[in-house]
Amino acid sequence: METDHMTSLERVLTTLGHNEPDRVPLFLFLTMHGAKELGLSIKDYFSRGEHVVQGQLKLLEKYGHDCIYNFYHAPLEVEAWGGEVVYCEDGPPNSGTPFIKDIKEIDSLEPPLIDACTCLEKVLTSARLLKEHVQDQVPIIGVVMSPFSLPVMQLGFNKYIELIYESPLLFRRLMEVNTRFCVNWANAQLDAGSTAICYFDPVSSPTIIPRELYLKTGFKVAKNTIAQINGPTATHLASGRGLSIVDDLVKTGTDIMGSSSLEDLGRVKAACRGKLTVLGDLNGIGMCGWTPEQAEEEVKKAIAAAGPGGGFLLSDNHGEIPFQVPDEVLLAISRAVRQWGQYPLDWISS
Amino acid sequence: MKHDISLLVESLLVADRLAAEGIVNELTQDVSPISIIETLIVPALEHIGRGWEDGSVALSQVYMGGRICEKMVNILLPPGAPDRKDQPRMALCVLQDHHLLGKQIVYSLLRAAGFELLDYGNISVDEVVKRVKSDGIKVLLISVLMLPSALKIRKVTTAFDDMGLDVKIVVGGAPFKFDDQLFQVVGADAMCTTASSVVPVIEKIMEVSHGN
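Chains as they are written, first to last, in this note's numbering: chain A, 1 to 350; chain B, 1 to 212.
With the rest of the complex left out, here is chain A (with noise of 0.2 Å):
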């Protein structure tokens, strides 16, 4: 097995120019597993800022993947705007009732202030301490909820889509107050010492909403947004459909794409190439139940598709591996990735 010659940034920043690096980035977004390796609850682990550091450090030890995932959990931004975060012992936290009972509170909603929030300053602080103990050698990664798919937890999925077709003064007036926290979230994150913010947006995949809405709400939103974060973006769809967007992602501004496991990954990359860099597409819920043989074969599977060229980044389809996913699994993604993800991918065409 070959042995790397890059640090992860370089070799991350070399396929985000859809060059090839030394061999293919994996991105492990593992998020409760740092709580297993501390021998914490996932609500306990989630509580400090230090235990984040110190796992997300211990699995970046473990399984030498290129990337540090500073992200808690999606009901986290929740929390700052006052609604409940539900915790389980094995699973993500679920956001509790949505907080926005009656649209018409939406008039009077204003954005919570990031400082003023306990809950933000706790991933404000993990953030810091990792860019202390990393530098510049591994790129950590901060994540948003669109302004756009927010909504889901603010309202609920259903009244959230009757205010896109049926409301469109509220619709937007709920955009602009979520922009505003996007941005100043995101722009914090990087300040802290994030190198690259995911923006989750999965309700404009076209899996939730077709295309010509997507265009005139999620896709407008996303380029006013993205436009006003002062870093590298990478637009993640969390499992939901991506292909049939692509060329309306490159002009959100975004500079990846997180695939769905749902589409075709040579289909995806084709449609990216020297546009957008992929990110994906592992089955995370397949790979609760794969053997370490199986990983491999989905890792060489997925590398033949989207190697070549640079522009891709091996991970999971979803943003997040499932707690389920076993150890045994994740170290043979990892040693698969070794073993043939070194470029040149020369055994592609035997």
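Hints listed in this document are in silico derivations from the structure and should not be mistaken for laboratory results.
These numbers come from a predicted model, not from an experiment.
We put the beta carbon where it would ideally sit given N, CA and C, even for glycine.
Honestly, I wouldn't trust all of these hints.
Claimed, not checked - Sample of chain B residues with no beta-carbon within 12 Å of chain A, all distances over it, derived:
#  : residue
1  : S6
2  : V31
3  : R50
4  : I75
5  : P78
6  : H98
7  : H99
8  : D126
9  : L147
10 : G164
11 : V208
What the hints assert, rightly or not - Derived CB-CB ranges, DEER-like:
#  : chain 1 : residue 1 : chain 2 : residue 2 : range
12 : A       : R173      : B       : E53       : 30 to 40 Å
13 : A       : D247      : B       : G164      : 50 to 60 Å
14 : B       : S124      : A       : A304      : 38 to 48 Å
15 : A       : K58       : B       : E116      : 32 to 42 Å
16 : A       : H133      : B       : V14       : 46 to 56 Å
17 : A       : G96       : B       : P79       : 23 to 33 Å
18 : B       : R154      : A       : R180      : 28 to 38 Å
19 : B       : R154      : A       : G39       : 22 to 32 Å
20 : A       : R180      : B       : G164      : 51 to 61 Å
21 : B       : K71       : A       : R173      : 34 to 44 Å
22 : A       : T291      : B       : E53       : 21 to 31 Å
23 : B       : V14       : A       : R173      : 19 to 29 Å
24 : B       : Q184      : A       : Q135      : 40 to 50 Å
25 : A       : K301      : B       : E53       : 15 to 25 Å
Using the hints, position chain B against chain A.
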């Protein structure tokens, strides 16, 4: 009627309620409500469901279409009308999860197909077992988004087995789409990848129970 189906599909996909109502209202002079539901509304929703399955239709379109149809069917065939389906007692829920959209879509679609069902909403494992027993439910539909919720279904199926309850469990939602064996792992009887495919699954369960 074929022409009407494509017109109805077209109006539902753009959430044009008035156009959809216009198509249905035009038929009510000559066609019975149950026939409109079975030969126009259900096929239109099935068409949309197939689109969702192959990726050409988005979830928001499935939801808005189902909602429009549910309202139309409630007028054509008010709850409790004698023409509504002769069916096993059914209930629908999500397990400790505030992601309610999938459940709402299934609820609207089944009601739009003339079925009656109880909506348990967001409920715990213990509570759902208790209510299924007391309500005499024969078919329980569980919608999930998160993997931990999917894994909780195993506790429900085990509890039914322990109590000797003969309840068919039909599941659906993202985790089952990404792992087509998962429904068996959690002990469910059937898995649906689209809301509209719940209808034939229930009809099959009804056939089997009538056959017995």
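Consistency of the hints with the structure:
1. Consistency note on B:S6: stated as away from chain A, and its beta-carbon is indeed over 12 Å from all of that chain's, at 17 Å minimum.
2. With a minimum CB-CB distance of about 29 Å to chain A, B:V31 clears the 12 Å threshold, and the non-interface call stands.
3. The Cβ of B:R50 sits about 15 Å from the closest Cβ of chain A, beyond the 12 Å cut-off, so the non-interface label holds.
4. Distance check for B:I75 against chain A: the nearest CB is about 19 Å away, which clears 12 Å, and the non-interface claim stands.
5. Here B:P78 stays apart from chain A, with its beta-carbon at least about 23 Å from theirs, past the 12 Å limit.
6. The non-interface label for B:H98 is inconsistent with chain A: the shortest C-beta to C-beta separation is roughly 6 Å, within 12 Å.
7. With a least CB separation of 6 Å from chain A, B:H99 falls inside the 12 Å interface cut-off, contrary to its annotation.
8. For B:D126, the non-interface assignment is confirmed: its Cβ lies about 15 Å from the closest Cβ of chain A, beyond the 12 Å cut-off.
9. Remark: the non-interface label on B:L147 conflicts with the geometry, its nearest Cβ contact in chain A lying 5 Å away (cut-off 12 Å).
10. With a least CB separation of 28 Å from chain A, B:G164 remains clear of the 12 Å interface cut-off, as annotated.
11. At roughly 30 Å, the least C-beta separation between B:V208 and chain A is larger than 12 Å, which holds for a residue marked as non-interface.
12. The hint said 30 to 40 Å for the Cβ distance between A:R173 and B:E53, and at roughly 35 Å that hint holds.
13. About 58 Å separates the C-beta atoms of A:D247 and B:G164, a value consistent with the hinted range of 50 to 60 Å.
14. Between B:S124 and A:A304 the Cβ separation comes to about 45 Å, which falls inside the hinted range of 38 to 48 Å.
15. The hint said 32 to 42 Å for the Cβ distance between A:K58 and B:E116, and at roughly 53 Å that hint is violated.
16. Between A:H133 and B:V14 the beta carbons are some 52 Å apart, a value that agrees with the proposed interval 46 to 56 Å.
17. Taking the beta carbon of each, A:G96 and B:P79 are about 31 Å apart, inside 23 to 33 Å as hinted.
18. A beta carbon spacing of about 44 Å between B:R154 and A:R180 contradicts the range 28 to 38 Å that was offered as a hint.
19. In this structure the hint that B:R154 and A:G39 lie 22 to 32 Å apart at CB holds, the actual value being about 26 Å.
20. Range check, A:R180 to B:G164: Cβ separation about 57 Å, and the 51 to 61 Å hint holds.
21. B:K71 and A:R173 have their C-beta atoms about 27 Å apart, which leaves the hinted 34 to 44 Å range violated.
22. Distance hint check for A:T291 and B:E53: the Cβ-Cβ separation is about 29 Å, which falls inside the suggested range of 21 to 31 Å.
23. Distance hint check: the CB atoms of B:V14 and A:R173 are about 24 Å apart, consistent with the given range 19 to 29 Å.
24. Restraint check, B:Q184 to A:Q135: a C-beta distance of roughly 48 Å satisfies the suggested window 40 to 50 Å.
25. Restraint check, A:K301 to B:E53: a C-beta distance of roughly 24 Å satisfies the suggested window 15 to 25 Å.
When each numbered hint is compared with the structure, violations occur for hints 6, 7, 9, 15, 18 and 21.
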